[in-house]
Each structure stands twice: as C-alpha cells, then as structure tokens.
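K.L.:
In case you want the letters, here they are:
There are 2 protein chains.
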Amino acid sequence: MTRFFVDPDQLQLDFLVLTGENAAHAKVLRLKIGDEVIVCDGSGNECLCTISDISADKISLVVNSRSNATSEAQVNVSIYIAFSKGDKLEHVIQKATELGAYEIVAFPCSRCVSRPDEKSLHKKLERWQKIAESAAKQSGRGRIPQILTVDSYQKALDRAAIADIPILFYENEQATTLRMVLSSKPYKTVSLLTGPEGGLEPREVEQAKNTGFQICTLGRRILRCETAPLCALSAVMYDSGEF
Amino acid sequence: MTRFFVDPDQLQLDFLVLTGENAAHAKVLRLKIGDEVIVCDGSGNECLCTISDISADKISLVVNSRSNATSEAQVNVSIYIAFSKGDKLEHVIQKATELGAYEIVAFPCSRCVSRPDEKSLHKKLERWQKIAESAAKQSGRGRIPQILTVDSYQKALDRAAIADIPILFYENEQATTLRMVLSSKPYKTVSLLTGPEGGLEPREVEQAKNTGFQICTLGRRILRCETAPLCALSAVMYDSGEF
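The listed protein sequences correspond, in order, to chains A and B. Each step along the first sequence adds one to the number in the working numbering, with nothing skipped, and position 81 is 81. Each step along the second sequence adds one to the number in the working numbering, with nothing skipped, and position 94 is 94.
No wet-lab data here; the hints were simulated from the structure. Keep in mind the model is a prediction, meaning the values are calculated, not measured. Certain hints may be false.
Quick list of in silico lysine-lysine cross-link-like pairs, DSS-like style, CA-CA up to 30 Å [as the list claims (entries may be wrong)]:
1. A:K85 - B:K88
2. B:K185 - A:K188
3. B:K185 - A:K85
4. B:K85 - A:K85
5. A:K123 - A:K58
6. A:K124 - B:K32
7. A:K85 - B:K32
Same shape as in the complex, but just chain A (with noise of 0.2 Å):
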C-alpha cells in the first residue's frame, strides 16, 4: 500500500489532506477516491485511510484506523559510518534504511578520502534525509531514520558508546566475532562502526577499545568499505529475531 510522510501534529486530525509532493506523487500513481493509503507521521505513528476526494492541488483523506508502525525492528542499530567516495553513503543509507536501520551517522577519520565542507554538508545532508524517506516509503516503513554527521571521529565513538554494545569491525581482528559479542549480554540498542575505503588506523581502533566498543570480525574475506555495515546490519536483525 502506498506511504506519505506528513508531519506529527497533521496525523492527529480524523480528515487528513495531502499537499504539495505528497499531492503530487499521488497522481503520479494515479490513485482515485476510495483507494485506501498509509500515512505516517515518520516516528512510528500511522493511519489506515481511505481516499475521499481528489482536486487539483489537494488529496482528501478519512482516517479508519490508527496504529503503531508494525514494520520497525524491536531493536534499535545505528550505523556510524565513515565519509566515503562517490555515491557509496548514498547506496548505504538507501539499503540501511531498507533493512531496518534506527539512524545512520557519518563521521570523519584519518584515512577518509572525501569529507564534505561545511557549506555542502547542508545540501548533502538534505539529499540524504531525501533517500532514507524514499526507501522509507518503499520498504513500508513507518519511521525514516535519521541521517547525521559528526565533525570528529570522537564524537562519532561517544555517541555511539551509550548504545548497549557498541562494535567496530576491523579487518585485522580475528579471534572476537560479532556471535560472540551479541550473546554475551541482552540488547535493545546497538551501533555499528565501519572504517572507510583504506580501513581504520590501528590507533583508531584502540582509541574505540578505550571508549567501550567491542572489536569484531566480519569474517576471513576483505568487505568494501559499503558492503560491511550492511552485512553487519543484516546479521544483526537475523540475531535479534527478525527474520
């Protein structure tokens, strides 16, 4: 069934009204009165509703049931990812989101290549929050995660630390795996930490063992810098009951 966002206090009301883009996407698909949709307030709060009247610029609505979004995860992962080239943050934050990510939060490190300057982090940032809503809408969800930047690599550790278990994957741990971490306590929330395309500087990694994060392999193959936090995220929403 097809998703629109609309703000918090609009969801409260028992006749909706879709404008602007939502209006507009709505013909798009070509929807006609008595069609029924979700709309979602994008914080885990939704509508059932039914298509009541179309005009040129405005989508009616009438609510029929309200509930809690029943597609989000039980827990709580998000994604600390280094800044990277190209479109590979885009190609995470679109599939994170698809998989059920909490939040996804980008940081500087020693070995990132690419950071954005202050002045098209803002552009970058709004592009971004754009494509975690679509693939929102897409994979049925009823909360967009959401898209952040650090300015330190610090910053990106302590915040990430107040999770249940913080991890960071690097390539040279081979002992520690993520099964061992996950058992080895109950969790609600947890954040995952990847490196960018040349990895992690050792001092890096100790400097995340002494902010509290548990060190763990993907296993024996070498993960492109966009390819690991997915395959962390999958295997952790396979651990926590998902699917």
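Given the structure of chain A, go ahead and fit chain B onto it with the hints provided.
P.N.:
Frame of chain A; chain B shown alone:
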C-alpha cells in the same frame, strides 16, 4: 596482498610467470622485485609467491608456499536471483562474491520485466564472470563463484533443490523465519532464491514448495530485489559461524 588468478595447471610449477592481463595489472599496481603476491587457481588452491623478475610483458615469480584458500566459507551458499532491470544483477554478483557466495544463478520467471536474449546472454555472462573475478580478488577469496543462467523457472528450482536446505523468500510469508529453517537440521549447502522487482507469483511460490523448498520471511520490511539476496546471504554466513 594482491591476488592473481591463473589456470590450475600453471599453479603446479615452482616458478610461475604472469602474462597478459595479469602482467598488465601488476604494472598498474607498480609491483617490484621482492614484493609478495598470492596466485590462485580460482578453485580454492593458492600459492604465496615472491616477484623475482619483471620484464616488458611478463612477471616472474618464485613459489614460497602452497595452501588451500583459507578465506572460503565452510558452507556453500548458492544464490538464485531472478533476471532484473538495469545493473541490479551486477550489483548482486559483486556483493554476493564479497560476502562469500559459492555460485550465483540467474533465472527467468513470470514477472521478470527484463530477460536477456540468446545473443546478448553470452556477452552478459562473460561480463558477469569478470565482475565476480574482480570482486573475488579484491575481497581476498581463493575461489571465483561461477555465474550461471538457466532458461526456465522450474530448472532453477530443480537445481536449487539439491542443496541441504533450499529456501525461497516471499514477502507474503510471515510465520516461517530463516532462523527456524536453518536450525531445523545441520547444513553444508544452502540455496537462497529471491524474486524479481514485481515479486514472485503465488503459483510460483507453490511450485517451489512442491519442489521441496522452505518458504521464509526476511522480516516485516519489503526489501528491493537486489537487497534481499544479500541480506539473506549475510544472515546465513552469520548463522553458520563465519563471523
């Protein structure tokens, strides 16, 4: 360490010579005498070698030691993916190779919107195999997954059903999880089958059930056709103890 793939009979000698594309690639990487490289036969055998000489169009190597590739997964996972639009298949081939897939088989089905004709198929297969080879090198694998196509859906089912556990992922399945199926018996070989953009038809899911498949959910979010196989592969690798 840089990896080169050669024919299996070449790997029997104590002194190896890299020519053609391999030699050209070594030049691009500016390898020099004394550098160590790994030479593999693409089927799981590999040699650690030292460069002893570099001339215009060949690189001479001395074999230091031989081993079975240690980066191969303990479980053979075959990916069965429906023909799909654009570069989605290429994406899945690259990522599934990194993640350790044993082989990747593309098949036609009712809602496939794109299906290569006989003429273009040969060229595409060649291209897909190149993508797998390059991803195998980059991720440090000792084996290049074979990329195959079959010309009917039933042929894909019959081939996949030989595995210890053949699984089809279906968005309308809610009760049976991947975890239930993987914990039902020990496994050495798994087939993971996913549908095209528009999904599989209910009768195609029935057909798979009749061929011995387990029908599973991948969670409450709808995954794109290129995300689903990689999510499932990551979970099977995790379940089988790879990381």
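K.L.:
With reference to the structure, classify each hint as holding or not holding.
P.N.:
Comparing the hints with the structure gives:
no. : hint            : result
1   : A:K85 - B:K88   : 21 Å, holds
2   : B:K185 - A:K188 : 29 Å, holds
3   : B:K185 - A:K85  : 43 Å, violated
4   : B:K85 - A:K85   : 25 Å, holds
5   : A:K123 - A:K58  : 28 Å, holds
6   : A:K124 - B:K32  : 41 Å, violated
7   : A:K85 - B:K32   : 28 Å, holds
The structure shown violates the earlier hints numbered 3 and 6.
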